[in-house]
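From first to last, the protein sequence lines are chains A and B.
Our numbering puts the first residue of the first sequence at 1, with every later residue one more than the last.
Our numbering puts the first residue of the second sequence at 1, with every later residue one more than the last.
Derived by calculation from the structure, the hints in this document are not laboratory data.
Among the hints, erroneous ones may be present.
[As the list claims (entries may be wrong)] Coverage of chain A stretches by chain B, computed from C-beta distances (three or more under 8 Å per stretch; other residues unrestricted):
#1 1-14
#2 37-43
#3 60-66
#4 69-83
#5 106-116
#6 124-133
[Unchecked claim] Dumping the calculated SDA-like pairs for lysine to any residue here, alpha-carbon to alpha-carbon at most 25 Å:
#7 K285(A) / V60(B)
#8 K285(A) / R309(A)
#9 K285(A) / P58(B)
#10 K281(A) / P122(A)
#11 K281(A) / H180(A)
#12 K281(A) / A126(A)
#13 K281(A) / A121(A)
#14 K281(A) / Y205(A)
#15 K285(A) / A125(A)
#16 K285(A) / G57(B)
#17 K281(A) / V201(A)
#18 K281(A) / R309(A)
#19 K281(A) / T41(B)
#20 K285(A) / A274(A)
#21 K281(A) / G57(B)
The beta carbon of each residue, even a glycine, is placed where N, CA and C say it ideally should be.
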Amino acid sequence: MSEALNAGLALFVLALAAWMVVARDTFAAVVGFVAYGLLLTLVWVQLHGVDVALTEGAIGGGLTGAMLVAAAARLRRTEAAARAERPGWPTRAAAALLAGGVTAALAVAVLALPVPAPSLAPETAANMGATGVGNPITGVLLAFRAVDTLLETTVVLLALIGVWSLAPDRVWGGRPGPRHRADPNETLAYLARVLPPIGLVVGVYIFWVGADLPGGKFQGASIIAAMWLLAVMAGLSDAPPISRGWLRLALVGGPLVFIAIGAAGVATAGAFLAYPDGLAKLLIKAIEWALLPSLALTLALILAGVPERPAR
Amino acid sequence: MAEFLLAAALFVLAMVALGFVRILRGPGDADRMMAAQLIGTGGIGALLLIGAAMGVGPVVDVALTLALLAAFASVAFFKAVTDGQPDDTGAAERE
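Looking at chain A on its own, in the form it has when it is part of the complex (with noise of 0.2 Å):
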């Protein structure tokens, strides 16, 4: 049964995803993205990928899936004349010539990769206990990877930073987004109000779990922003001015804390982002603490978008 299970479900994700590249309207495609990232959760399940399951579902489908729908809204104008115009035969062929050999040399690539594949899964294994995190995704990122996560965290800022560029002058410190307004005796607004408390309880919860269990702060995150842009879009709150020195600081905090850990490991443990012997799982804790609210900040703001009122 689980066979049948997995030729359906790999069908249902082959078939969405040629529809999406295929697709002329940007919205239709960009609603058949939102799908299947839903369906690629489901897939990563079967494969025992609880972790990044998770991970797909909260950024690859909700979170992306938002942003693309309004990127998609705003390019809708301009749609028409793109579409009115038809590339001559030349350009097509060299489009076709070059999407089809990424695809071949990828198809390679990946026939190519060595069976069984090299992997350091017993080494890390064997060493877990020296991180005390039950959860090795996490002990992996935060420990023996963790110069990839402080990157990582630091992309996300980085990002915002791109974002927040595209600010017109007149504007440059206000607020985010347009001040948006509902009814509020409407279903939105009722949603606004039900949704976040029930979220950040989720949030915080699938935040606290990534110790042992799948989980984590960039899951936790995308939740509790989320909800707070749920408040933003049914008018309970606003965007604060980008120019606000509290928003600066808990923007960096997280990265910061995260650096001056690891600076300390030089004194402490002979290596940058090294724990001393004990202390592991303490530090560990102190930087997804530190993370947490900075990158669910960052996030949503993200999504909040290019600043377009004065901050007055």
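Starting from the known structure of chain A, fit chain B onto it as the hints suggest.
Same frame as chain A, but now just chain B:
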């Protein structure tokens, strides 16, 4: 029991796959988004069934996350189509 749960998951998925037709054909944005939401709801159901069949508890956390973010995505869709695009007639034409 696991076989039955997986069969049920497959059935739910097959039913939800019919919503795929609405995503493909539209005609309106709202039709597409509602179909995506249907796939979301059915997908969460299938996910929970698979999780129960495989005995993987944390799958419930994945389902919770998906459920919360699906509600968020539908609101984001509604806002994108109705707000901030006063001069955009594309949405009106498509309805």
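Tell me, which hint numbers fail for this structure? 5, 6, 8, 11, 18 and 19
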